[in-house]
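Since each chain sits alone in its own frame, please combine them into the complex, following the hints.
The primary structure of each chain is shown beneath.
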Amino acid sequence: MSKKSIIETVDQIINHAKDRGVIHLATEDTKLQQNIITINDKPLVNFGSCSYLGLEFNEKLRNGAKNAIDDYGTQFSSSRAYVSPKFYVDLEDKLTRIFGSPTIVTATTTLGHQAALPVLVGPNDVVILDHQVHSSIQSAAQQLKAKKIPVELIRHNRMDLLEKRILELKGQYENIWYMADGIYSMYGDTTPIDEIYSLLDKYPSFNFYVDDAHAMSCFGENGRGFVLADRKIHERMVVATSFAKAFATGGGALIFPNKEMAQKVRNCGGTLITSGPMQPSALGAANACADIHLSGEIKELQEDLQENIKYTTLLLKKYGLPNLSEKSSPIFFIAVGLPKIGYNLIERLMGEGFYLNLGIFPAVPIKNTGVRFTITRLHTFEQIEAMVAAMAHHFHIAVEEESYSLEQIYKAFKIEQKTNHTQENSQKSNLKLERLNSIEKIDSNEWDSIMAERGAFDSEYLSILEQSFKGHQAKENNWTFDYFLVRDENGKIVLATFTTLALLKDDMLMPHYISNEVEQKRQDDPYYLTTKTLTVGSPISEGDHLYLNRSNKNWKKALLIFMNELEKVQQEYNAENIIIRDLKDNDDELDAFMVDNGFFKTSMPDSGIIEKMDWNSEEDFYLALSTRSKRHFRENIRRFEGEFNVEIVKNPTNSQLQSYYDLYLNVKKNSLDLNTFQLPYAFFEAMIPSKNWEFIELSLKNDPNKKPVGVVFAYMTKDIYNGLIVGIDYEKNYEFNVYRQCMYQVIKRGKALNSKFLPLGFSAIVEKKKFGASVHGSCAYMQAKDNFNMELLGTISGKDEKKTDNYGINKRRILPI
Amino acid sequence: MVLTKEEFCLFNVKSKLKLMEKDGCFLTTKVSQNNYLISLYEIYGFYVESTYDCVQMKTVRVEPVLSSNVLELYPPAKQLQFLN
Numbered sequence: 001m002s003k004k005s006i007i008e009t010v011d012q013i014i015n016h017a018k019d020r021g022v023i024h025l026a027t028e029d030t031k032l033q034q035n036i037i038t039i040n041d042k043p044l045v046n047f048g049s050c051s052y053l054g055l056e057f058n059e060k061l062r063n064g065a066k067n068a069i070d071d072y073g074t075q076f077s078s079s080r081a082y083v084s085p086k087f088y089v090d091l092e093d094k095l096t097r098i099f100g101s102p103t104i105v106t107a108t109t110t111l112g113h114q115a116a117l118p119v120l121v122g123p124n125d126v127v128i129l130d131h132q133v134h135s136s137i138q139s140a141a142q143q144l145k146a147k148k149i150p151v152e153l154i155r156h157n158r159m160d161l162l163e164k165r166i167l168e169l170k171g172q173y174e175n176i177w178y179m180a181d182g183i184y185s186m187y188g189d190t191t192p193i194d195e196i197y198s199l200l201d202k203y204p205s206f207n208f209y210v211d212d213a214h215a216m217s218c219f220g221e222n223g224r225g226f227v228l229a230d231r232k233i234h235e236r237m238v239v240a241t242s243f244a245k246a247f248a249t250g251g252g253a254l255i256f257p258n259k260e261m262a263q264k265v266r267n268c269g270g271t272l273i274t275s276g277p278m279q280p281s282a283l284g285a286a287n288a289c290a291d292i293h294l295s296g297e298i299k300e301l302q303e304d305l306q307e308n309i310k311y312t313t314l315l316l317k318k319y320g321l322p323n324l325s326e327k328s329s330p331i332f333f334i335a336v337g338l339p340k341i342g343y344n345l346i347e348r349l350m351g352e353g354f355y356l357n358l359g360i361f362p363a364v365p366i367k368n369t370g371v372r373f374t375i376t377r378l379h380t381f382e383q384i385e386a387m388v389a390a391m392a393h394h395f396h397i398a399v400e401e402e403s404y405s406l407e408q409i410y411k412a413f414k415i416e417q418k419t420n421h422t423q424e425n426s427q428k429s430n431l432k433l434e435r436l437n438s439i440e441k442i443d444s445n446e447w448d449s450i451m452a453e454r455g456a457f458d459s460e461y462l463s464i465l466e467q468s469f470k471g472h473q474a475k476e477n478n479w480t481f482d483y484f485l486v487r488d489e490n491g492k493i494v495l496a497t498f499t500t501l502a503l504l505k506d507d508m509l510m511p512h513y514i515s516n517e518v519e520q521k522r523q524d525d526p527y528y529l530t531t532k533t534l535t536v537g538s539p540i541s542e543g544d545h546l547y548l549n550r551s552n553k554n555w556k557k558a559l560l561i562f563m564n565e566l567e568k569v570q571q572e573y574n575a576e577n578i579i580i581r582d583l584k585d586n587d588d589e590l591d592a593f594m595v596d597n598g599f600f601k602t603s604m605p606d607s608g609i610i611e612k613m614d615w616n617s618e619e620d621f622y623l624a625l626s627t628r629s630k631r632h633f634r635e636n637i638r639r640f641e642g643e644f645n646v647e648i649v650k651n652p653t654n655s656q657l658q659s660y661y662d663l664y665l666n667v668k669k670n671s672l673d674l675n676t677f678q679l680p681y682a683f684f685e686a687m688i689p690s691k692n693w694e695f696i697e698l699s700l701k702n703d704p705n706k707k708p709v710g711v712v713f714a715y716m717t718k719d720i721y722n723g724l725i726v727g728i729d730y731e732k733n734y735e736f737n738v739y740r741q742c743m744y745q746v747i748k749r750g751k752a753l754n755s756k757f758l759p760l761g762f763s764a765i766v767e768k769k770k771f772g773a774s775v776h777g778s779c780a781y782m783q784a785k786d787n788f789n790m791e792l793l794g795t796i797s798g799k800d801e802k803k804t805d806n807y808g809i810n811k812r813r814i815l816p817i
Numbered sequence: 001m002v003l004t005k006e007e008f009c010l011f012n013v014k015s016k017l018k019l020m021e022k023d024g025c026f027l028t029t030k031v032s033q034n035n036y037l038i039s040l041y042e043i044y045g046f047y048v049e050s051t052y053d054c055v056q057m058k059t060v061r062v063e064p065v066l067s068s069n070v071l072e073l074y075p076p077a078k079q080l081q082f083l084n
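Chains as they are written, first to last, in our numbering: chain W, 1 to 817; chain L, 1 to 84.
Just so you know, the hints here were simulated from the structure itself, not pulled from any lab data.
Since the structure is predicted, the reported quantities are computational estimates derived from the model, not experimental observations.
A portion of the hints provided could be inaccurate.
Short derived list, chain L residues pointing at chain W, Cβ under 7 Å [to be verified]:
#, residue
1, MET1
2, GLU7
3, SER15
4, LYS18
5, LYS22
Cβ coordinates follow ideal geometry from the N, Cα and C atoms, glycine included.
Just chain L, same shape as in the assembly (with noise of 0.2 Å):
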């Protein structure tokens, strides 16, 4: 069952995981500053990121992409499209 952007939200960070593990699809990744591996994922029709700290060695935040200036940051390896 597809879910909203909405909906997605009202899941906490493991929960957010297990739907992305069920439902999404691994796009591409990034490293950013301060330690943290950036993923990109599509779920449901919408682009989700989540941050994984590699100090902590954990995942601190899953969120969906809001805007489409966010895909740009990513490696052009992927053809990324603003889905919506």
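Next comes chain W alone, as it looks inside the complex (with noise of 0.2 Å):
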């Protein structure tokens, strides 16, 4: 089964942002002239620099740096187990009085998490991360997974689901760690820490490990940052920060509560023993700046770059732009919603002269892409205004530009929108889109011929679905179903499909070892990780569910329209995501476009389909068969299938139907390759009225009850034999090889009924393929409004190393800058 891994859909948005010449740059200046940079040719203004009080062109900093090599050279090169230069030991101190606690100097901040988070938790404690943790805390808890430590997840800020949490764990485990960051990379919001430092004094065994890297030198007392801002570490708390932001040295530090556990990481931490020291200049540059924030000057810096944030903060509200960011934080987030938005207004941005980042995902929900940049102190108001400016109006022009609206962002964000901009349809066309509530409103003759040669939903089919999907107890088994129609000016269809609204398993399209392990915990929570869902199809049909005429030139409007009313459908019936499954794989031109608009794409389990009806008989069938699969064939199926009574039921008996359910309910619990929920009974009543449908029931010739032992429900449309959903009894399986014999009564019948081929449906791959179908990936497009589900299922993967790399589950987040 090939499934294309999390890693290949951010390679291909990664890929196409780099295409979009917004990211992966270079300057090619020889001389930077502060926070002016040069990227192909053209000067820009940098606003996405992290050096947020400018220090790295600071004169003290720069004779510090250039003192330390004549003192040293350009390394000393050793382990700082073994011996550090002088200027660790200055500069700890120093930061020890900047702090006001125990501080350990480590070469990254990423490597001090290295360092002190294997020392720290211990094997009976349990971890905690925000969603939006930056990446290296949790590249960090994977070794603390890899030592069968507890990490768990939890939605960002939201201290009442973690106070519930801490109950709930609290008699489990010694210590239970919450990982934070105090100021977020990517919103610039901050950690509730005035409401953490309630639950540390609240609770004993809750700890706080917090990474307060953007804060650092910009806020609090010398310039200790925004969680120690005015306040002593707590004693259960360990703060990690960074010297490569407003600190402009590169290089980081740890803050203990006491002198004991700095030692300790010290003495053990992993990274602070192997990897390499500090260089000599960024040392010196270091300790010039601990000088400054030891200094009142500090203040005066820090008051500069609240003023830029303040006046930007203003600007931006005045010129009405959606600003996500806190009023305090020199990191901006405008919401644009979609990542063909984003480029758009990068690029325009920088043809005025202004170079700012993109927030896109992973690192944001796809549908919550922005234009993230920061201000620094070295910024003029002059530059600030004009970016702003420049910002607000190429802003609505990329919108309307990208067929999009100010509503929908807002929407997408959750957010109040303040400000009325007219917006012309600058896309508009000759389409017409028709969206209808039943099948039973739709010409059945006009839907079939598109439609019926695709798959499983012709208009029969569809009318069975409505039929069955509704008034149940079970909120799983009401489905609502839409129905989409592009027109073009003659009245031809363009596009033309359907969705359902359903309750579905966010693991529904995960490998199986990831079910298996939800599926226990819905044992408790029988809702746990489900989703309220849209998504063209239906849970119960295969087969290429978006007809789309490509040969017309207004293809890429049509289905731009149908997107933007799906839209407009999530926002109706409150779904959280959006499905457009059973695609072809291997299709640039739609993955660009689908990316562009806000949609991941994500692998389908392969399906098997038997493509050559052209055999006479039986003998035939079996010729064309390669030499494994022929043998195969006779020690499998040949040799049982005189074992059994194969009898094509229409209108099967309550009894018998009830006796085919339980053999479904059999497989059902049994398979987890597409995790959905066991389907009502009411969907095998409807089926017999129905002309379409059959049943092909297997039962053993040596029982004289000939109870069924297997069956296949099939569904028929003119070219194509269905079989859909199998039931057996497992027992019998083991020994008469049922599953398999039911398959190639599917092939018999479906030659016998002229059909032009068979789809095998998904799951069970290797078997299908040995009566020689022919294996076919497709692929679904995603949109989720916000990734916590699936990240979480990203940590319930991270249990099982091995398959874990084969799916690259838990690479999936590339980080905040």
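Next comes the structure, spelled out in structure tokens:
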């Protein structure tokens, strides 16, 4: 089974952004002029620097670095466990005065996490990661997972959920560690530090580990950051910080509540012992910078930065731009919604002479793309105003150009729209969309003429689904159907499809071993990790549900019109996710289109299709198989065929249907490849009156009661015989290869009915190949309002490292800069 | 972008001077008692006075003019009219 990993999806998105010339850039300047950088021969004001105080050009820091090189050379190559240059001792002494607590200098913040976490977190502890905590902490937490320490994910900044979890876990674990950022690097929001201190005071087993990198130097007395700005470190708290942002020297530090803890990490932290030290130049600059922090000068620098932040915030508000950031943060995030609008706006701003960052998936949910920029002390008011004015001008143009609306952006971010901007749709076309809420309202001949040959979703099949999935007590069995047709000016269909609103399992498309673990949790909470989802197609139909006439020159416009409508339907139904599934893999043009429009690609399980139906006899069929498959056929199919009674049943009795349903339940319990909810009995009852449904019943000749041991629920269209659902007796399967016999009988029945091809469905693909089925990879495009459940599934899958590597699940996050 | 008086007052002296340099227009100046040099600017449709301390050699105050009476204290060379 070929699974496209999240890594590939991320790779695709980043490559696309790279092709648009907005990321992976390099400066061309031989000598930098403050905050001006040259890219592609164009000087740009840099609004992407995290050197918030602009200290990289400070004379004292530069001299500190130069003097250190003069005194110690370019490096002092020795593990700190043996001997450190005196700069380290001086720096740690100064930092201890800055933070008011014992401090250890680390080569980088990431290495600091890797040194500290395995020492601080014990074997009887549990770790709770904030959903948006920086990837460097997430990576370090992987080391803990490897030691079987539970690592959980919690929704961003939700202190209510955190407290609930503390109460649940406090008796079970020695220490509960919550890990978060001081200031988050994408949206610039802050951790609720007052509430965290309250929890620390309230629960003796609660501990806090925080990465305050983006706040270092910018906030607090002596520039000690956001979390320690005006308070002492808590006795069960550890702070990591960075010198690679406002401190302007590179390196990092860990701040501890007491000397003993600091010494333990110094003694045992792997990367402190084995990784290389900071270079003398960086240490020299860091010492000079620490001196500035210990002087009154830092206050003035902080105040200059805050004034620039204040001016930027004011202008963004006055220009009516959707700024998501907190008012004192140097990180700004302007909501644009879709990646294509982000690319467009960044390109436009570069054209105007400004460099800004793109906040894109996976750092943010794909539909929460934004333009992320930073403000430093070096920006002038002129630069800030020119950039914000240009952004305000181009923002609306970019949104219109990409056929999107302000309303859609505000809805995607769940923020109140405060400004009115008259928007004219520049993408007017003669295409017309029809949305209908029942297949009965559509001309069945027209529908069937384009859909019946694509899979099991002709008008009769859909009518049965509509009847079967309503009025149930169990919410997962109540589905809502919508049908969409986009026609051109001549009334010809350019796009046709249908959607189902249903409660789906979030692991539906995940590998079975993940579903297996989730299902264990669902024994206590049946709706754990389930989401109301709008799906193109339905959970029990197979085939390419999206008819798109790509010979029509307006097919992309038609798709866009449909997707915009889909978004409205999503809002109307309050659905969390959208899935457009069963599309052909390796369609680069569609891939790029979907990613630009805020969808990410994921693989569907492979499906098997018997495409060659030109054989005339069973012997012909056998002779067309490969040598190995022939052997398999002889040993496992032909040898047992004589043991079975095979009957095509059109109108089963109630007791027959009940026995078929029981056989289906056997398979449902054992198959997690496409993990759906159990289908209701009503659906099977609704099959009986249909002329297109039939049941292939297998019983054993040696059973006088002729009790069914296998059943195939098959649906016939003009050209296709769909063996959609199978049910088997697993005990008899072991003895008589019931499953394989069911498959063979589907093939024979399909041939008897002159079917052109036979879709054999998802899963058990090796078995299907043995019958000569070709394997078809298909994909789905997904859009999630937030990434939380997916990230959570990522943490679950992390328990099986080998399999995780195969699928790349754990590597799905790239990190905020 | 035009700021209101209230918005202008959100900033510190240093920033106000930057705003005046960027968006303001110098009108006139006067010397007050105690070695203060007071300059009058027009910015965003209102008047602003900046007070320079000649002893400390720095601007110590930048505030919008709230009353038209203040304008009468400047030399009559400029035709000053209260703006809002």
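Report the numbers of all earlier hints that the structure fails to satisfy, in ascending order.
Of the numbered hints, all hold.
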